[in-house]
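Colleague: Protein chains in written order, with the working numbering: chain A, 1 to 206; chain B, 1001 to 1659.
There could be a bad hint or two in this list.
Said to hold, decoys possible - Pairwise CB distance ranges, derived in the manner of DEER restraints:
1. A:Met10 to B:Leu1658: 27 to 35 Å
2. A:Ala91 to B:Gln1632: 52 to 60 Å
3. B:Leu1653 to A:Ile184: 30 to 38 Å
4. A:Ile184 to B:Val1627: 53 to 61 Å
5. A:Ala91 to B:Ser1064: 49 to 57 Å
6. A:Ile184 to B:Lys1024: 51 to 59 Å
7. A:His46 to B:Val1627: 53 to 61 Å
What the hints contain is simulated information worked out from the structure, not anything from laboratory work.
Quick caveat, the model's predicted, so the values are computed rather than measured.
Backbone N, C-alpha and C fix where the C-beta goes; we use that ideal spot for every residue, glycine too.
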Amino acid sequence: MILLVLVNLMLLGLSRLRTCIRVVAIQGVMLGVLPLILNGWRPEPHLISFSLVIIGLKGIVFPAILIKLLRDLKEHREVEPFIGFGTSMAAGVVMLVVSLAFGAHLPLPGTAASSLVAPVAFFTIMTGLFLIISRKKALTQVLGYLVLENGISCFGAILVEKQPTQIELGILLDVFVAVFVMGIAIFHINREFDHIDTDKLTRLRT
Amino acid sequence: MSFFFWGLIIILGGGVLSLFSGHKPKWSSFWGSVGAIIGGSIALVPATKVFFSGQTLSWRSNWSVPFGSFFFQIDAISAFFLIPILVLFIIAAIYGREYLLAYRDRKNLGVPLFFYNLLLAGMMAVVVARNGMLFLVAWEVMSIASFFLVTFEYERPAVRQAGLIYLVAAHIGTAFLIVFFILLAGQGDSLDFDRITAVSPSLTGTLFLLAVVGFGVKAGFMPLHVWLPHAHPAAPSHVSAVMSGVMIKTGIYGLVRTLTLLGPPPAWWCWTLMIIGVTSGVLGVLFALAQHDLKRLLAYHSVENIGIITMGLGVGLLGVHIHSPMLTVLGFAGGLFHVMNHAVFKGLLFLGAGAVLHGCKTSHIDLLGGLSKRMPWTAITFLIGATAISGLPPLNGFASEFLIYLGVFRNDMGEGLNHAIIAIIIIGGLALIGGLALACFTKAFGVIFLGLPRSDHAEHAHETGPGMKASMLILAAGCILLGVFSPLVITSMRHVIAALAPMELSAIQANLATAASSLGYFVKMSLLFASVAAILALVRFLLLRGRSVRQSVTWDCGYARPTSRMQYTATSFAQPLVDLFRFLLRTRKPDSRPQELFPAATTFHTDTEDGSEKYLFKPAFMGIRWVLSRWQWLQHGRVQLYILYIALTLWILLIWKLM
């Protein structure tokens, strides 16, 4: 749990795109293990297969796609934030406090395995949103989206007993398709405008 | 009920088949129209059964949507509206097959045929749906299917404009209806129409107004009618026929259905309906008089006839309010019978206009002329339709207007100023409408079909094919039969009126019988008159037989070289009346009379803009646009900030929920 929090804060502070992708991959792997931890290390077949799918996709496939994209684009390997790294970290701490405050109040169906799970999931979602909002590159927005989704599946992990696996897999499939689509879209944006800086796309509005 | 569903399935199946065979125009049009014809005929079986017997058929099933259920029911009112819908759609499908084949090289015919069948299915669902949600869904299907039909010739800018106006108007109406149903839903735990019983009296007034506006947009009440003069000329003619003939009647149906839900009417509802009726009627016919385009003219006549129907409903409602059986029965009977009659004659007139457009490639009245020689079948059927819409006996338009007249004349409203005013408004209004309609159709028929061709378009006109001719002939026969047998028709309307009015069936029957007998005199007199005319024609024929008859030009006032352009134009024919009402019409006539001694070539045109469009909707929409443009800084193109908006909204919702 604490690790997840630290990873989130790290993401807010990192400036190199490649490292960012790696960190998101690590977060994905942690999420894959999470259902197992929450279930008290009791190996059930559907949980194990589920964890393997998550680790495979989030830990290996997505980062591979993104790193390949990064290499193809020959872009600056910098994150280029609207909001500085220091400020981002500070904002992250504020968000952590807020989500801890909220997490206690959220009415959850069933009992959570750990009282920290809900706030952390919340914090991850907020970090994702913050990354999307505060960074310029389209690639970082894909990363933010992935982090956001990690938060959602972290929530899902709380309810792993109640929630049918199909829904979880459905979300995963959505993300999978989304990463593909966004990867292709970024590639085209780059070819068309020679950059993936969303800040400069304002001229497209009518 | 199963007959009804089978009909629905066959109609939709035909539509889908025609959509997928769009690359083969012959097959596509075959599947589409055969689906509509067979499915429509099957669905006609339960409708006629219910209409004559008065029993109700229903079918109910659960639906997971909140407040929704699949609750269909055919009662007398539904059946009464279903019959014209199905009949007109079947006839127009025969017509549309040939009409659309003229576009086979340029267009994929699968699309309009599919939406035609979808429109039919949507309208059938509208009149049998007995649940608010189901009703709204059916209503939207109907609006959207008709939008795609209106924009059939989308490559013309005018058609795109018309489609847009129609779409916006239709959804403004739907917005009011959504509010209407939300308010109704707040009253109980179900939106099934049979479970809505106790609506709190404080709310009925609001609900009534919402229904008047929401359904009035579709029906075309006067200030809300703006889409009609745009959409009808843009749509293919058989679509205009069904849109004007029956689709706008779903607005009337909705209003009638609402009245059955809301309980006893206060006086001001009756007043509202009557005033809307008279305004729509008189202004509709006046604007029709000033038009230059045949289909636009007919569109304004739809507004006029909706006005007459609404007047009938208002009179009937007043009868309910003051407990006058005579007024109730005759008002409702007149209004509803006019629904059926208007479907027949307006359908016929639009099909006639389509035939003219098909044969001459233009529907501008002042460019036509002399078509009775070139298109005799179209001319004679158009004449019958024109006579019917002008309310002349013994055709069907007369019968329904006569019922309203009779109701107000033989009223037992008692003494009092209010009632005298009502009588004057209704009788005066109806008489004015009738007279102006007659003038308008004299103009339309005279200029289009009589005289000499005014342009090459009319010169090279050709008669339509057998299918189009047949469908016009069927409708013309319908005008005559509904008129001649009107006493029979109105007595069989007893179940419909019983569903509307809180009265005993026997009392309704007695009142209808008196009305039918007075109507019978008129019919008999007119038939007598017609037979005298026929005998005179026969005598003329016998006298002239065997003698040589020479045809020559009309007296040409001594002009050496008269040309066809010296004929009376439609504009000049209507000019005295248009001038008389210029305070309402505000026709623009730029004066460009030649001033010099040796006049050069000059032009003249008149232009009548729609008042409510110019003075009501344009300022309103400009205002909305101005207000919204104040907020345009919100749309700046930065993706990040857009996402921030979403995030903030979610945050606020979350905090609000946790508070």
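Colleague: Each hint needs a verdict: does it hold in this structure or not?
Modeller: Evaluated hints:
no.: 1; hint: A:Met10 to B:Leu1658: 27 to 35 Å; verdict: holds, 29 Å
no.: 2; hint: A:Ala91 to B:Gln1632: 52 to 60 Å; verdict: violated, 29 Å
no.: 3; hint: B:Leu1653 to A:Ile184: 30 to 38 Å; verdict: holds, 33 Å
no.: 4; hint: A:Ile184 to B:Val1627: 53 to 61 Å; verdict: violated, 40 Å
no.: 5; hint: A:Ala91 to B:Ser1064: 49 to 57 Å; verdict: violated, 42 Å
no.: 6; hint: A:Ile184 to B:Lys1024: 51 to 59 Å; verdict: violated, 37 Å
no.: 7; hint: A:His46 to B:Val1627: 53 to 61 Å; verdict: holds, 56 Å
Hint compliance for this structure: hints 2, 4, 5, 6 are broken, all remaining hints hold.
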